[in-house]
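Student: Now for the letters of each chain:
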Amino acid sequence: MNKIANFFKHPKIFVITIIWMMVLVVLGTIEQKHFGLFAVQERYFSSWVIWFSLFPMPGGRLTLIIMLINLSFFFFNKSIWKLKKLGIVVLHFGGILLLVGGGLTAMFSSEGNMVIEEGDKSNHIEDYHYMELAIINTSAVDFDEFTIFDQPLLIKNNILTHENLNFEIEILNYLENCELDKRTSSPAIQYKGMLKNFMLKELKPEKEDNWNRPGIIYKISNSGTSTDGMYGIFLGQPVVQTISVNDNNYTIVLRRKRTYLPFSIGLIDFKKILHPGTDIPKSYSSDIILTENRAVRKILIQMNKPLRHKGYTFFQSSFIEGPDGETTVLAVVKNYGRLFPYISSIIMCVGLLFHMFQKLPGLFRKSREKIAV
Amino acid sequence: MKFYSLIFLFILSICAILLPRDFDHRDIPIHENGRIKPLDTFVKNQLLLIYGKRSIKQNALPGELNSEGLSALDWFFDIALHPDEGDKYRIFNISNPEVVASLGLDWDPEHLYNQTEVLTGLKNQIHYITTIQRKPEAELTQFDTQMLKVYSNAIQYQTLSYSLSCLLPSIQIHNETIAQSLSVNPGDKLSYYQLMRKANKLSPLMERLINRDKNKWSESDYELQHVMGVLNEIDQDKFARILKIIPSESGKQNEEWQSPWELMESRMIGPNQEKLLLTLESFLKFRIDNDSIKSDSLLAEYEKLLSLQFKGLINLDNVKLETWKNKANLFYKSIAFYILAFLLLVISWMTTPRLLRRISFACLLGGLTFHFYGILLRIIIMQRPPVSTLYESIIFVGLIGVICASLLEYNRKDGMGIFIGAIVGGVLHFVGLGYANDGDTLGMLVAVLNSNFWLATHVTTITIGYGASLFAGLLGHIYLLQLIRIPFDKKYLNTVNANLFGATLFALFFTLFGTILGGIWADQSWGRFWGWDPKENGALLIVMWQIMMLHLRITGLVKPMGFALGMVLNNIVVILAWFGVNLLNVGLHSYGFAAGIAINISLFTIFELITGFGSYFWAKNRQKQLTAY
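Each protein sequence line maps, in turn, to chains A and B. Its first residue numbered 1, the first sequence is counted upward by one per residue in the working numbering. Its first residue numbered 374, the second sequence is counted upward by one per residue in the working numbering.
None of these hints come from the bench; they were simulated from the model. Hints are supplied without guarantee of correctness; some may be wrong.
Stated by the list, open to error - SDA-like, lysine to any residue: derived pairs with alpha carbons at most 20 angstroms apart:
no., chain 1, residue 1, chain 2, residue 2
1, A, Lys-9, B, Ile-920
2, B, Lys-786, A, Pro-361
3, B, Lys-658, B, Ser-543
4, A, Lys-196, A, Thr-138
Kindly generate the complete structure, drawing on both the sequences and the hints.
Tutor: Shown next, in the form of structure tokens:
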């Protein structure tokens, strides 16, 4: 046991991991210029292993976990349990808490956007990066039946089936970024819907992941009707695809992955104030109403003044100015590790201050013994 | 120490005595870029844009003027009130020989040209200019950008020089009939604004003029036609709307102020605005007549109007304070003191160490006082914490460096603190001056930065961290140098090493908590504690570097010499995090101005690498030699 502890607590491990972490941070910062934040984050910071062509190296997540283990074994040092080292012990404890909080955030936090037009309301968050394919059965009079396929299922050659659906969908191609191209020649017989007049042309993915317009080319089969055929769909399609199979009507939408909330938010008014005579914004704010179980509250969300409710936090993030009025974009975050940085920074602050007050006078007093150069 | 604190108090009290003073023409408040500032600041920045300096040197003025130079404000009044004279000043600074040649100008070794020359040149090139104006920025050559800059400067100049033309007495009435109907004396000069106010009195005469056959026109008809012509001519100046000096009648904070020409155009002049315009009109009249007594009394009235009728809109004391700050040039004085401190210190090494070192320390503290006072004034004027732009961070980091160095000197009393302080303060002041030449250094902040609480905590803490880190880096340099100079004096070296270790701890405290506080701000404003944004990563790198060096040192993996080298290299990390990330042009923090920085950063990096490693290996070599004996 002692041997293992001795190995894990070795300060060399800490030095090596921190140096490797610095390398990752440098690479991850410089590469942002070319690959955008999301891609870089996935490659360097949220990864377990990074492949530098053929060489596997530990990714940010693995490196930080090794650092965390090393730090935890620090407390097995007998020599640190003295009053003189109290500050150091407290400081390292704070450091561990900070890393743990970071881990919790990385594993369990979720974030997205809530986009609301003036006069409208919304009860769901849209993910920044992931899509979903929603198939909505609109045949019933008083309800719609939703069947949702998540992003991991939307890969080439995957066949989507579900008991709700009396047909199969085969993903023929998933395009990360695409644009519409008008068909010049007459379409082949199997093309249906939008594909009769247009083609989906694949584009190079944008630097920032959320500038992409993903699209899917899919095939409907086994419906036993003339609905069978090849279809295309893309994010933000203005005319939605509807099909009907045996008296059932379906709407098919590719949209950003949604998370529904137990309450809804309506936008009364969005305000943007500029510093007079300039284009520099002074403040943004959204006047909203929060409705939950028929209880209605009026709230103002401002830059630097978010709304916190039921573990979710709503921030004024952006806005869209349109001809019919304004649309607010709220960033929504649910983060279980939120309080860790607050607590750990206080602990570390206390520890470091304690240590400095113990040490600093000595470090500077010594110098008085020697005066002339 | 009493001696030093006395000096400090003395300088502070002098500054306090200088402050209360009368309102003068420099203090006329103007609204520009979202901020109310004195006219003095405004015209200084305009002149800086066109001429490259904040006041005019003798060589730009015509010889017959016999003047030793001209302040920006006098220049402005010259071009606005006496354009015939003012247009002769050679204030267009064009250094590109290609541009000079294509404007048909003769090459001037001082790169200076006057308005008339430049305008003629531009008129000949107007076709080319309109073509390149339509091009996207990326396709422009250096020549094109410079040409466009000259063009926009010329327009800016025109706008400035016509901005008051509606208030100038430029229409002379000779004819008695017209004078009578306007109730003025024949021979009086009226301004556009005056004439417009009395326009209805002229309408019967105008009607007669229109209905009468031209052959039967009387003398007064001809004069009326002439007056109308002049009026029309002045009316062409209405594009000159840059001088927004009249507050909105409503007195609301968020409403834009208006320029005289905008008011002329809108014809919606409130009673208080009218009073201001009338006072300004008479002030300009007396200024043209060089009647300083009357113009001064009108300025006093102007001040009274502003402070009574537009109460709550303007803090005139702050405006005056800014004018004073412009004139005082506190940072220049601070530089002078730092340089003096450095020189005295060097001399003290050669001659009488004790006395000269004390005087030198006093100079450093004097420089520090000016430095501190300059920053304090900016805080008072802008009503916000000291650091919110890159420029301010440079000045503030300098201040922190000098404070750290002064504390070190107070403890050691051997000149080391003076040495470090003078270098940190002086060099950063020079870097700051480079940034100040981009224009107004007191800009408004975008919404997310507009939070005094977080600016005061996160930004101030992290910049203190930068300052302390640079201080530690310089201590590292000194340790390595002394290791070469006096390798056998172990006791002395140990004290320096202890100081270095302490400074690193001190720096780490501020960089670490500055970074964490930044995360907390981000959590409060954007909902995430950490986003791997370049600036965040930069700050993280400094923290990690310092943590690494401390662990290497504590565990004995590196010796004091290696630790000193590590802290020297920390300077590079600090500079890259501070300025370098702006070069990437991505992320939420890229607020700085990047062009031209790349070269300076590389030069600094190379310098630190060479001096750091050079002195490290030299010192190592010396130690080997010593142990060999």
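Student: Hint by hint, note whether the structure agrees.
Tutor: Hints, one by one, checked against the model:
1. The straight-line distance between the Cα atoms of A/Lys-9 and B/Ile-920 is roughly 16 angstroms, inside the 20 angstroms bound, and the hint therefore holds.
2. Simply put, B/Lys-786 and A/Pro-361 have alpha-carbon atoms about 16 angstroms apart, close enough for the 20 angstroms limit, and the pair holds.
3. The hinted pair formed by B/Lys-658 and B/Ser-543 meets the criterion: a straight-line CA distance of about 10 angstroms does not exceed 20 angstroms.
4. Only pairs whose Cα atoms come within 20 angstroms are accepted, and A/Lys-196 paired with A/Thr-138 is rejected, the gap being roughly 24 angstroms.
In the structure shown, a violation is registered for the earlier hint numbered 4 alone.
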